[in-house]
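Engineer: Sequence:
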Amino acid sequence: ALDIGNTNIHLGVFQEVGARRAVPLLFHKVMRAEEVDLEELALGSYLPLISEILLASVNPKVEDVFCTWLEKNYPKKPLKFPGDIRVPIPVLVREPHKVGIDRLLNAVAAYEKTGGTTIVVDMGTAITVDAVSERGEFLGGIIAPGLESSRKALHLRAALLPEVSPERPHYYIGKDTVEAITSGLYWGTVGMVERLIKGVKKEVGGEPRVIATGGDANLFAADVGLFQEVIPHLTLEGMVLAYKSRQ
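Under this note's numbering, residues 1 to 247 are what the sequence shown spells out, in order.
No wet-lab data here; the hints were simulated from the structure.
Mixed in with the good hints there might be a few duds.
[Said to hold, decoys possible] Have a look at the derived ranges for each label pair, beta carbon to beta carbon:
#	residue 1	residue 2	range
1	75	155	14 to 22 Å
2	64	173	43 to 51 Å
3	194	113	27 to 35 Å
4	184	15	14 to 22 Å
5	157	34	14 to 22 Å
6	115	177	23 to 31 Å
Just so you know, even glycine gets a beta-carbon here, dropped at the ideal spot from N, CA and C.
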């Protein structure tokens with residue numbers, strides 16, 4: 001399963017075990033989308049063992065690189081979301097066809113784990129906070145700028161402000177411009193995510209479980225404090241579940 005995002009690419013190799021919906025993850029690798037190296041990703045070493053390749057992408061440029069490589073190295077076309085595989089979840093929003101495929105796949109995988117009302121927080125280039133009902137319906141959610149997007153936007157739009165590294169500061173009060181920006185970006189994101197989760201919790205009611213995923217989820221997990229589980233490969237699991245649901 002290949003999940004091609006704007007910032008990161010996730011590759012997961014799963015072992016199919018009979019009719020079981022849940023399948024073991026044998027291998028998981030993450031790399032930067034802007035530094036894509038198919039040799040480093042090591043996909044080729046698994047090709048002889050693979051029965052199907054599943055592909056979900058929100059990055060057409062990098063997707064084309066993969067598809068061109070696969071055409072030369074693999075006899076079967078990859079199964080793409082949503083064109084080849086339907087995501088098995090009711091989507092209760094105004095324009096279901098416009099919902100990002102990664103959000104729906106995350107919802108499928110999260111609900112499979114919880115079996116009840118769930119909030120899914122994906123912390124990547126964008127931060128999404130989505131709600132899944134007790135019956136497993138995608139209710140909609142929130143899209144906000146992620147840490148990387150905020151960091152780059154601040155540098156590009158304010159000429160005198162330097163570009164800083166995304167990291168967790170041990171302080172709130174910065175003693176220079178770099179420290180001040182680092183603190184504002186990090187702790188501002190923590191506060192935003194906490195507030196968004198609380199707002200979604202209030203609207204869905206009850207005690208929903210909160211599952212986090214995405215490239216920045218582990219960075220923020222200790223400080224946000226509302227994540228009950230962090231699953232870096234949640235989208236990949238959703239892809240496999242959707243694939244198995246059609247069998």
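Engineer: It remains to establish, for every hint, whether it holds in the given structure.
Structural biologist: Comparing the hints with the structure gives:
1. 75 to 155: 14 to 22 Å: Roughly 45 Å apart at Cβ, these two residues miss the hinted range, so it is violated.
2. 64 to 173: 43 to 51 Å: Between residue 64 and residue 173, where Cβ atoms are some 46 Å apart, the hint holds.
3. 194 to 113: 27 to 35 Å: About 22 Å separates the Cβ atoms of residue 194 and residue 113, which means 27 to 35 Å is violated.
4. 184 to 15: 14 to 22 Å: 44 Å, violated
5. 157 to 34: 14 to 22 Å: 21 Å, holds
6. 115 to 177: 23 to 31 Å: Given a distance of about 48 Å, which is not inside 23 to 31 Å, the answer is violated.
Comparing the model with each earlier hint shows violations of hints 1, 3, 4, 6; every other hint is respected.
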